[in-house]
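J.: Sequence:
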Amino acid sequence: MDSAPYAELFLTESREHVSAINHSLLELERGVGGDEPIGAIFRSVHTIKGMSATMGYAPVATLSHELETLLDGVRRGVRVVGAPLMELLFQSADLLEQAIEAAVQGTSDTVDVGPIVARLRAEGDGGARNGGSARPDAARDGWTAAAPAGDGHLVRVRLAAGTSLKGVRAYIVVQTAATLGDVTGCSPALESLQADEFGYDFAFRLRSTRSVDDIVGTLRKAGDVADVCVGEDSIAEIPRQTMEFSVADLAAGTGAPTHAGGDTAVRQKRSVRIDLKRLDNLMNLIGELVITRGRLVQLAATLDDGALAETVAQTSRLVADLQDEIMTSRMVPVWQVFDRFPRLVRDAAKSVGKEVDFSIEGKEVELDRSMLDEVGDPIVHLLRNAVDHGIEPPADRIARGKPRAGTLTLSALRDRSAVAIRVSDDGRGIDRARVLARARESGLVEATKTDLTDDEIVKIIARAGFSTAEKVTDLSGRGVGIDAVYNRVRALGGSVDIRSIPGEGTTVTLRLPLTLAIVRSLLARIGDETYAMPMTHVSETVELSPTIVRSLKGREVLMLREEVLPLVRLRELVGFTGDAPRGLEQVVVVELAERRAALVVDALIGQQEIVVKQFDGVQDGLTLFGGATILGDGAPALIIDVSSLL
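Position in the sequence shown (first residue = 1) + 396 = the working numbering.
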């Protein structure tokens, strides 16, 4: 059987299970949820084992098998979870993730699971009791009977050496097992057992709701029983044909099926998996269709044809509906990326000896899939920065009258047609004096400067290579954290806002458009050039009357209903030297978070949905633009990045 076509499906399913494993491990470490975390981890590991065995990924299957063995001992109370065992479980989860990725990429030889497998096996063997084991290894323990087909628990029984009438004794054991549930398969066959055509051990399948300990104890009482083992063999001993179900279920996106008496639940999904590239292609096509629609609307407006105008209007509505459906199909809840961050914060805090209470809010807020993938790394930088720079060590927090553990919150919320992602901590806040001192040393500010505003701090710490860390650690100190965040978010058409209060904490807000593809924009003109501004940042428009223009500290400002707004002339920003505009100029009031400004343009053209085309900026060129678009008449227009104005 060729499993290659299912590799991507296997990877997607396994990543979800690894995420669930990490989530449950954190709950187990915190002691919340009772026995449920162990059960959830066991089920995920069991599913990965079955899928990887079918796919032929031996390292993954072997590792998950030994991990499952150890977890079963914890479930049955044989093993007690302590700090050393928790570390082993975390290490195993990390290695399992690496082994899965390597297996799909065809580089399994680069991941050595041997040492962890040996440690898991040693821990699992240490939990055996009552003369039996929960998860035997058929080859290691010398079992000779093959595992029979069928569903239910695999039960192996070894009779005492020298047992007389062993066929009768084996039959009695099987009949005793039948009182516990349904015997669904036997190896060798029951007739062979009765005819003494076997050695001293045999195996059968048992569907039963009784605990493993009950099964072992009851069968040992049947007489002349030297050993009883309940559970699957090592992965190498499982007959390939008994696991063929996994690929079919994997292709259907349902994971491993339920076995009677087993613990794995069927996850029914009324959905179809679609390669993201197909959705990207659909988005590109609808983008071109929107451009064509704009051209069609313009042409229809020049012709006095009522039927044509009605048809064009109907076509426009259908294109808009199709656009909405395609954009909606690309939206996914942010938890699909956020769920991996609790483990990251836990490891980061542990590495620097800090205690952090981490929480996530707004998990169900949706964002375009491609946008969500891109914003993952910036969030990682912010979380690590908060743990390393923001939150103080426990002793320092206690001395300052704060709780021993710091609070770190990652939240997502809708903000008009954008999403705001915030990382907030209750730590020491940004050390403005240190930032200012480093900025002076680097020549980033004048030597006479004595204070920094929040906006100035953002611009300074977002510079490549800037860092206030005294030494380089695994988390920070190389000056690439905020710089990477700022550049990545700006490239996505978003903005970064930092607010910090010394001694109280820091909040970093990333504002991102819901999608990179199509946005409604206000078109403005400077001379014969057209520019676009996303409507999400446009508050209002007014005519530029001389009576509302003032001068404040040598700069032009606009007085709008007792509000003072900085005045920015687009002509000067783009260096346009053409003829002066005819008539009154227009003002576009733009806003971002709590900041507002007045942008002066020659004229306003109107609103239009535009298709955003990303482009690489010219070296040493303006950072004023966040992309470009093609208008209905085929002319290009640059898209203004409003965050660069504020």
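One or more of the hints may lead you astray.
Unchecked claim - Straight-line alpha carbon distances no greater than 25 angstroms define the calculated BS3-like cross-link-like pairs of lysine-lysine that follow:
| hint | residue 1 | residue 2 |
| --- | --- | --- |
| 1 | Lys798 | Lys746 |
| 2 | Lys949 | Lys855 |
| 3 | Lys845 | Lys798 |
| 4 | Lys845 | Lys855 |
| 5 | Lys673 | Lys1009 |
| 6 | Lys1009 | Lys845 |
No lab work stands behind these hints, which were simulated from the structure alone.
J.: Where does the structure disagree with the numbered hints, that is, which hint numbers, in rising order?
T.: The structure conflicts with hints 3, 6, although it agrees with all the remaining ones.
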